[in-house]
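Undergrad: Sequence:
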Amino acid sequence: MEDTYNTIEVESQGFFKDKGSKFYAFASPITNEEDVKEILYKLRKEHHGARHFCYAWRLGFKEISYRANDDGEPSSTAGKPILGQLQSFNVTNLIVVVVRYFGGTLLGTSGLISAYRNAAADCLKNAEILQKIIEKNIKLEFTYNELSEVMNVIKHENLSIINTRFEENCNLTFSVRESEYERVIQVFNNIYGVGIKHQT
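Each residue of the sequence shown is one higher than the last, beginning at 232 in this note's numbering.
Some hints here could point you the wrong way.
[Said to hold, decoys possible] In the DMTMM-like style, the derived pairs of lysine to aspartate or glutamate whose C-alpha atoms are separated by at most 20 Å in a straight line are:
id, residue 1, residue 2
1, K250, E265
2, K363, E399
3, K293, E409
4, K370, E380
[As the list claims (entries may be wrong)] FRET-style restraints, in silico, Cβ to Cβ:
id, residue 1, residue 2, range
5, R396, G303, 21 to 31 Å
6, L378, Q417, 13 to 23 Å
7, F292, K428, 18 to 28 Å
8, S306, N400, 56 to 66 Å
Hints are computed from structural coordinates only; laboratory data are not their basis. The beta-carbon is built from N, C-alpha and C at its ideal position, and this holds for glycine as well.
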């Protein structure tokens, strides 16, 4: 079962030049579409002399949502080549924006596609791409009688505790690698007195 994905945690940059036009590429990690708006706003402020801010982003793990934007360039000459590089590098949860300063000479359709693709590729080559594990959370409810057995399983399975609340009853939430999810749930189902409250 595939339960990993590739992404970045630190911004990276790339550059490409053709016939006087300069293409500055910026890769940034994102967690939602609101992040996209903030990144574009910031870049437009920093590069107010630029003509185009073309971009593509991908979000999600199993079901990947994506968008490509040509920002005034001829249709499919900018956003699509950038998106193609995100797919080629197999990365998600990030945006690549390519900022173009026009050099006075038209590049034509193939020239634009090549320029935006090369700028995005340079940016991603410079990025530190990390492999992350997809995890799910499980919340348990039990009494103090089951505490030592639960903690033994947590330790044995090397599970990461997210939070605990020990009052009259014990509540404990932990994360588990997605591919181990069903098996670990079964382990706790086999401990009498332990209730699985919810999973996310």
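Undergrad: With reference to the structure, classify each hint as holding or not holding.
TA: How the hints compare with the structure:
{"no.": "1", "hint": "K250 x E265", "verdict": "violated, 35 Å"}
{"no.": "2", "hint": "K363 x E399", "verdict": "violated, 37 Å"}
{"no.": "3", "hint": "K293 x E409", "verdict": "holds, 12 Å"}
{"no.": "4", "hint": "K370 x E380", "verdict": "holds, 16 Å"}
{"no.": "5", "hint": "R396 x G303: 21 to 31 Å", "verdict": "violated, 54 Å"}
{"no.": "6", "hint": "L378 x Q417: 13 to 23 Å", "verdict": "holds, 20 Å"}
{"no.": "7", "hint": "F292 x K428: 18 to 28 Å", "verdict": "holds, 24 Å"}
{"no.": "8", "hint": "S306 x N400: 56 to 66 Å", "verdict": "holds, 60 Å"}
Checked against the numbered hints above, the structure breaks hints 1, 2, 5 and satisfies the rest.
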